[in-house]
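Residue numbers (the working numbering), protein chains in the order written: chain A, 1 to 349; chain B, 1 to 233.
Because the hints were derived from the structure by calculation, they are not lab data.
Computed, partial: chain A to chain B, Cβ under 10 Å:
hint: 1; residue: 63
hint: 2; residue: 98
hint: 3; residue: 109
hint: 4; residue: 254
hint: 5; residue: 261
hint: 6; residue: 273
hint: 7; residue: 276
hint: 8; residue: 300
hint: 9; residue: 302
hint: 10; residue: 307
hint: 11; residue: 310
hint: 12; residue: 311
hint: 13; residue: 320
Since the model is a prediction, treat every value here as computed from it, not as a measurement. Cβ atoms here follow ideal geometry from the backbone N, Cα and C, with glycine treated the same way.
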Amino acid sequence: MTRPVSAFTSWLVPCALLGALLSSVPQRARGADDPREWLERMNKALATRNYDGTFFHISGGRVETMRIVHRVRSGRVTERLQSLDGSGREFVRANDQLTCYLPDQHTVLVEPRQDRGPFLGSLPQFDATVSDFYRIEALPATHIMGRPARVIAVNPKDQFRFGYRLWLDEKTAMPLKTQLCDSRGQVIEQIFFARLDMPESIPDSDLAPTVHTGGMRWVRQGPSVDNASEALAAYRASQLPPGFRLTVQGAQTLGGASAPASHLVYSDGLATVSVFIEQSSSDSGVAAAPDSQAQAPMQGLARVGSGYAFSTVVQGHQVTAVGEVPAQTVEFIAHSVKIYSGGGEIPHH
Amino acid sequence: MSEQIREQVSAFLDGELPDTETELLLKRLTRDGELRESFGRFALIGEALRGSGSQILTRGFASRVNLAIDGEPAHVPALATPPRASRWWRPLAGVTVAASVAAVAIVALQQRAISPKSGVSPLTAQNVAAQNVTAQNVATPLQTAATNQVPVQGGGGPREALSYTVPAASTDAPSAISPARLTNYVFAHSKYSSVLGQRGVLADLLIEDDEPQLIPMQRAAQPSPAPEKRVAP
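Chain A extracted, bound-state conformation (with noise of 0.2 Å):
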């Protein structure tokens, strides 16, 4: 009876520790296997590459089927994601701009923006900082879709973040399969490609949006400022759940509003959570329009896809926080916005 027992751990001893081994190899010695090396090559091939794929998106419990065409000729990308179900709705990423088209509100929603990564997305350079909060690791290799495919894992360390699970092709990076997940590695939202082609060149005809225009209305979002004047650059979080750093500080005049909000970014290098402070109407030193709408002041948590948002007021200021975390996240950091008004020390985060 003990005799197989004892011939199984003696076969798992130095199992153990030909993990403890290869756990211990130094980073810097990043092989073609490294899982982070594999997170680089799906950046380049997200960036990079031609495609066009239908994917599944999976959030809970509801499917949408969506197409996603990319393309990238002479160092400009133009991009175009498009809703296949009911909706018909479809974003167009082009020419410094990025339009959405509401066929089923009737609207088209203009936003004036850098050209940024890929709708589909990468992932930064995996730098010390986001290996102090994720772990990564690379999982067995499987199949998708009859195709070899790696996976890696980037698991969050605390619960202040989410993780991801992607299923990279073997041969050419782009992530097959994407699931989004909490610290408990529950999945939050998947996606995958039921189709994916990466043609030598991609027609125009292909990224013009099908929707007609006709009789909708067109909406534009202000344009942000990235360097935001010192009275809207006097508000900082206090605190911060651990790895969160500002990044971007800015304003920008959201719809609905007579006065530009301040726009605070802060990042772990991998999870992003914008905080949004607007005075409330009645103090706002900016001469308000006679029909400028009051704001009522809102308190609480709203989920926002597969992350949350949470709104409250800070000495008579509205403070929105809004990210791709847990709810914990966006109620710490929302929750320790100071309003540094009259000259005070404004820590530098």
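Place chain B on chain A using the hints.
Leaving out everything else, chain B in the frame of chain A:
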């Protein structure tokens, strides 16, 4: 879901469905909303059953599977589900509201939120406007424009933006986050969100019934549960 389709979906998720059959299945999924919905539940369960990654099967998981098999949405936990078992409960973890009361509210809300077209999605400003106008009997020119859906064509700055965002009625007590304002925040945030996150944000905005799922809990402005470690300011 018929047995045949169930098998097909299962094979598809395992990457073992032949390409020709995959085509057919996907075409079918694209056409058939009901099938797609059950496929979604099936897919989630399949994922969990295969134990991709290090998923631990909890009691909550089991009850969710049962719910899904019974044809209930997989993500609406039964009230008997242990509070930490499902993701819908997680936000409650640090909340001082009595869990059972809040749970009822959340479940009720979820059920309302997931029934199609039952609520106001963040961008149905004209609907919000219409409601507000009726309720308050106040029609500013902008609200009227929105209500009548007068096209505001091209160009312009923030003024146009007013036409699709309608503030909530002014009350003394703070209200929940208004869907229209929330959409503005999310939209502005998506630009800065990590690119992987951005995909999720935008995909979520693409979804038809993507009304934000408001969690109607009025809370005292108190600090959230202290984290184990805080970075010094």
